[in-house]
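Line order of the protein sequences matches chains H and C. In terms of our numbering, the first sequence is residues 47 to 490. In terms of our numbering, the second sequence is residues 5 to 483.
If you're looking for bench data, these hints aren't it; they were derived computationally from the structure. Heads up, some of the hints might be wrong.
[Unchecked claim] Using C-beta positions, here's what the derived DEER-type ranges look like:
(1) H:E137 <-> C:R283: 48 to 58 Å
(2) H:L360 <-> C:D232: 42 to 52 Å
(3) H:G298 <-> C:R140: 43 to 53 Å
(4) H:A120 <-> C:A136: 57 to 67 Å
(5) H:G298 <-> C:T110: 38 to 48 Å
(6) H:K359 <-> C:D376: 49 to 59 Å
(7) C:N284 <-> H:Q319: 36 to 46 Å
(8) H:I300 <-> C:M420: 38 to 48 Å
(9) C:S123 <-> H:A120: 10 to 20 Å
(10) C:F230 <-> H:G298: 14 to 24 Å
(11) H:T461 <-> C:E103: 47 to 57 Å
[What the hints assert, rightly or not] Lysine to any residue pairs mimicking SDA-like chemistry, simulated, CA-CA at most 20 Å apart:
(12) C:K422 <-> H:G292
(13) C:K227 <-> H:G292
(14) H:K167 <-> C:T93
(15) C:K74 <-> H:M47
(16) C:K227 <-> H:E291
(17) C:K478 <-> H:T489
(18) C:K478 <-> H:S487
(19) H:K440 <-> C:L398
(20) C:K74 <-> H:I93
No residue lacks a Cβ here, since even glycine has one placed at the ideal position from N, Cα and C.
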Amino acid sequence: MNFREIADLVMHESRATETEVLALEQDEDLTRFANNCIHQNVNERNIQITVRSVIGTKVGIAVSNDPRPDSLRALTARAFEVARLQPDNPEFKGLPEAQTLERVAAFDTSVAECSPEDRAKRAGVICRRAAAASCSAAGSLTTSALSIGVANSKGVFAEHRSTLADLSTVIMGDNSSGWAQRTGWRLDSLEPEPLADEALYKVRLGKDPVDFAAGDYPVILDPYATADILEMLAFDGMGALAVQEGRSWMNGRIGQRIMAESVSIIDDGLSTQSIPWPFDFEGVSKKVLPIVASGVAMTPVYDSFTASREEGKLSTGHATPPSPQGRFGPAPMNLFLRPGSATLDDMIRSTKLGLYITRFWYTRTVHPRDAVVTGMTRDGTFVVRDGEIAHAVKSLRFTQSYVEALKNTEAIGSTPVLLRSALGGATSVPALKSGQFRFTSSTR
Amino acid sequence: MKDFIEHALSVARSKSARYADIRIIDRREQVVSVKNGNVDGIGDQDSQGFGVRVLVNDSWGFASSAYLSKAEIERVTALAVQIANASATVPGDRVDLGEPVSTTGTYTTPIEVDPFSISLEDKLDLLFRADAIMRRNAGVRVTESNTLAVRIHKFFANTEGAFLDQVIYECGGAIAATAVNDAEVQIRSYPNSFRYQGTGGWEYVTGADFIGNSERVAEEAVKLLFADVCPTTTTSLILGSSQLALQIHESCGHPTELDRVFGTEAALAGRSFLTTDKRNNLQYGSGIVNLTADSVRSTGLGTFGWDDEGIPASSTPLVKDGRFVGYLMSRETASKLGETSNGCMRAENWNRIPLIRMTNVSLEPGTWELEDLIADTDDGIFMETNRSWSIDDLRLNFQFGTEIGYEIRNGKRGRMLKNCTYAGITPEFWNSCDAITNAKHWTLWGTPNCGKGEPMQTMGTGHGASPARFRNVKVGIFQ
Numbered sequence: 047m048n049f050r051e052i053a054d055l056v057m058h059e060s061r062a063t064e065t066e067v068l069a070l071e072q073d074e075d076l077t078r079f080a081n082n083c084i085h086q087n088v089n090e091r092n093i094q095i096t097v098r099s100v101i102g103t104k105v106g107i108a109v110s111n112d113p114r115p116d117s118l119r120a121l122t123a124r125a126f127e128v129a130r131l132q133p134d135n136p137e138f139k140g141l142p143e144a145q146t147l148e149r150v151a152a153f154d155t156s157v158a159e160c161s162p163e164d165r166a167k168r169a170g171v172i173c174r175r176a177a178a179a180s181c182s183a184a185g186s187l188t189t190s191a192l193s194i195g196v197a198n199s200k201g202v203f204a205e206h207r208s209t210l211a212d213l214s215t216v217i218m219g220d221n222s223s224g225w226a227q228r229t230g231w232r233l234d235s236l237e238p239e240p241l242a243d244e245a246l247y248k249v250r251l252g253k254d255p256v257d258f259a260a261g262d263y264p265v266i267l268d269p270y271a272t273a274d275i276l277e278m279l280a281f282d283g284m285g286a287l288a289v290q291e292g293r294s295w296m297n298g299r300i301g302q303r304i305m306a307e308s309v310s311i312i313d314d315g316l317s318t319q320s321i322p323w324p325f326d327f328e329g330v331s332k333k334v335l336p337i338v339a340s341g342v343a344m345t346p347v348y349d350s351f352t353a354s355r356e357e358g359k360l361s362t363g364h365a366t367p368p369s370p371q372g373r374f375g376p377a378p379m380n381l382f383l384r385p386g387s388a389t390l391d392d393m394i395r396s397t398k399l400g401l402y403i404t405r406f407w408y409t410r411t412v413h414p415r416d417a418v419v420t421g422m423t424r425d426g427t428f429v430v431r432d433g434e435i436a437h438a439v440k441s442l443r444f445t446q447s448y449v450e451a452l453k454n455t456e457a458i459g460s461t462p463v464l465l466r467s468a469l470g471g472a473t474s475v476p477a478l479k480s481g482q483f484r485f486t487s488s489t490r
Numbered sequence: 005m006k007d008f009i010e011h012a013l014s015v016a017r018s019k020s021a022r023y024a025d026i027r028i029i030d031r032r033e034q035v036v037s038v039k040n041g042n043v044d045g046i047g048d049q050d051s052q053g054f055g056v057r058v059l060v061n062d063s064w065g066f067a068s069s070a071y072l073s074k075a076e077i078e079r080v081t082a083l084a085v086q087i088a089n090a091s092a093t094v095p096g097d098r099v100d101l102g103e104p105v106s107t108t109g110t111y112t113t114p115i116e117v118d119p120f121s122i123s124l125e126d127k128l129d130l131l132f133r134a135d136a137i138m139r140r141n142a143g144v145r146v147t148e149s150n151t152l153a154v155r156i157h158k159f160f161a162n163t164e165g166a167f168l169d170q171v172i173y174e175c176g177g178a179i180a181a182t183a184v185n186d187a188e189v190q191i192r193s194y195p196n197s198f199r200y201q202g203t204g205g206w207e208y209v210t211g212a213d214f215i216g217n218s219e220r221v222a223e224e225a226v227k228l229l230f231a232d233v234c235p236t237t238t239t240s241l242i243l244g245s246s247q248l249a250l251q252i253h254e255s256c257g258h259p260t261e262l263d264r265v266f267g268t269e270a271a272l273a274g275r276s277f278l279t280t281d282k283r284n285n286l287q288y289g290s291g292i293v294n295l296t297a298d299s300v301r302s303t304g305l306g307t308f309g310w311d312d313e314g315i316p317a318s319s320t321p322l323v324k325d326g327r328f329v330g331y332l333m334s335r336e337t338a339s340k341l342g343e344t345s346n347g348c349m350r351a352e353n354w355n356r357i358p359l360i361r362m363t364n365v366s367l368e369p370g371t372w373e374l375e376d377l378i379a380d381t382d383d384g385i386f387m388e389t390n391r392s393w394s395i396d397d398l399r400l401n402f403q404f405g406t407e408i409g410y411e412i413r414n415g416k417r418g419r420m421l422k423n424c425t426y427a428g429i430t431p432e433f434w435n436s437c438d439a440i441t442n443a444k445h446w447t448l449w450g451t452p453n454c455g456k457g458e459p460m461q462t463m464g465t466g467h468g469a470s471p472a473r474f475r476n477v478k479v480g481i482f483q
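Just chain H, with the same shape it has in the complex:
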């Protein structure tokens, strides 16, 4: 069944006052390599159909991956029964109305039809380059085709097809490692040779790391580390639900300059420079939304539920999929940090004593209201002394407010990199220099 048929059947069967159906169909391949060989290589074809049934202010949700007509009828009935038996929820104001939606091209046939042989060829390039350098490569190559359809009984009907390609590698030497990653919706955005070279550069640069005392230092962050800052800020408080519950770093800061003037963060689900999604999981259209403008906290992102709780607010098109597990709340999926004009060399040359960091690892929030995060550096941490990279150091643990880190921004790189986001979309970020970052311990 295609999505139109699924939607028609669900709407026809539903006895609810309002009904919504969301279908996510996925055909995803992932080739994984380690020790310079392919050791895991998988394919998945799946569909997830979510029916949201509304009776007055009662909402029932049922989810299945069986698109056969009898199963869809049962799913629709189940969502209705779940809604029927619960008490009214006065906070729920209804499903979104239909909107005019933009169409955005984000489907590359060469990704959707990428063969196991083609993926193996690209993985093999990295493995052979690593082996030639007496190193060991690990990583993965994902190619995925996704169809999303949202329809509701108030006239919403939205469909979008997209592809996603992601290639990442960690290459390991005797006592050092390097990381490289690229994401895009086109296959030609992933070239294995430059990725292998980038990771191998860090392997060579990172040889024989030494201990380094914890403390406060300026940091120069590769885009991989900068992306973590944006994503943790998104996870910890760019959504209106977090702000309404008082657990966001934006609480009490909206309208205030809380980051350096050079810092502007937008969410843009329509940009083909990201993995575009022209509408959210409720079928509400996306647009360019400034979240931080020239260092000033502007607004969190909204879905229809959180918007209805505030006078005069409309959904910004950031609903996440409805789930029986409860509301995760709205989230930005296409973040961009506005590039600056600095090069990596500029940032290094301007540093008397600091650290140059490839990426962060296992970051977790310690204090949500200040976005204090702890985590480790990984795959290349270097001391910068008197404007030059002096030597590699062992990985360090930091515990740092990410808001403060961006407040102390001294330079932003000119070249953004697109990276797959843990929130489901992608994040576009350049390198960044922050004047102060707190490291709390080192590892062995």
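Since the structure of chain H is already known, use the hints to place chain C on it.
Frame of chain H; chain C shown alone:
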């Protein structure tokens, strides 16, 4: 079902697979959640499908589909073989799976009350009552509660003759209160920061007494706003059993996964400091530290009949009298050590390959009474219920935060402390363990959200622990 299974294995054989297995899974999950007096989420989530894993020469391929039909089984199995042949263009070492596995049988989680037999109304009633009690406290900003029930019906068969039929039940739930002021957020949860989950029936939830703990949880959340901040110092640390369970998960469970040791998780989860040369040689912890991996203990999230390679449930020492002695293994990795698998291969669902995962990795109880342990501590902090966690890619450098702490002075539990954190290096930390409380204080907790692999898989693991004391620990990071 047997026809589908035999057909897949037959297609795999005909396409030159030297080994193949198939899992057909029907998973049902029912969640009820309440927030601030309203239903936040409620409903069922069903997922069914099959996955075929093949080994052609020395290369693996896997394909899966939600559409169970004979034609789809043929397509998926052929695709798995094609993928394996593609893998062979970037070849690795010879794959030895050891002795053939031809286990047969059935297993069902022992339950007293089928959690799906409890009506949604009854589940809502329980949560609304707990929620109402928490909301009586005017200082609480957000109240949350949920229950979860899972049933996984799984068929496994391989080309070596194994045929297994298992039904696993899981249940769980939690309550939590969040208090907020102008500067910070404090949360108290019960039983274990939304990680209270185990194999079992509805009795697992009712045994937790959400109602009886609601008032305390709300009170503690509000009191934390006014509590003193955990000092920055080096001191004796007593960990409550649920926090210690997560400590075990991160600093013992993960580094003993043999795939990490062999580098096959290097790109994502990382490697391990417990390399094979350290086995039987490294003093991982003090002499009172005994850590065990088992898949047989009642209610553990890592409890089953057989793993996803058909290996029967078992129990394995990982650390014995402080010495590192064992790994969590698969058939392929065990054979590299000349051993047989101890049954730790587990897949999240039909659409994922099995990976080496923790089963129930537990710290065996000691001899102390908790009251005696506190009385024996002149200066220290008691911390419980996890709030944040982070550890490096070798599983050495860790930092944890807990929801609540209490100062210990002159053998007595004193003032409440907030924003409690502690940090350390794994073997130094475990070697500083000088007292473990006895079996009376031991609880088998669940960690339902363990992430590993690409594509990401979330797995439930079990961890038993009783409160224990660690000396000279850094606490109060970034205060």
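Each hint tested on the structure:
no. : hint                          : verdict
1   : H:E137 <-> C:R283: 48 to 58 Å : holds (56 Å)
2   : H:L360 <-> C:D232: 42 to 52 Å : holds (44 Å)
3   : H:G298 <-> C:R140: 43 to 53 Å : violated (27 Å)
4   : H:A120 <-> C:A136: 57 to 67 Å : violated (34 Å)
5   : H:G298 <-> C:T110: 38 to 48 Å : violated (58 Å)
6   : H:K359 <-> C:D376: 49 to 59 Å : holds (57 Å)
7   : C:N284 <-> H:Q319: 36 to 46 Å : violated (54 Å)
8   : H:I300 <-> C:M420: 38 to 48 Å : violated (32 Å)
9   : C:S123 <-> H:A120: 10 to 20 Å : holds (18 Å)
10  : C:F230 <-> H:G298: 14 to 24 Å : holds (19 Å)
11  : H:T461 <-> C:E103: 47 to 57 Å : holds (54 Å)
12  : C:K422 <-> H:G292             : holds (18 Å)
13  : C:K227 <-> H:G292             : holds (17 Å)
14  : H:K167 <-> C:T93              : holds (8 Å)
15  : C:K74 <-> H:M47               : holds (18 Å)
16  : C:K227 <-> H:E291             : holds (18 Å)
17  : C:K478 <-> H:T489             : holds (14 Å)
18  : C:K478 <-> H:S487             : holds (10 Å)
19  : H:K440 <-> C:L398             : holds (12 Å)
20  : C:K74 <-> H:I93               : holds (19 Å)
In summary, the structure is inconsistent with hints 3, 4, 5, 7, 8 from the numbered list given earlier, while agreeing with the others.
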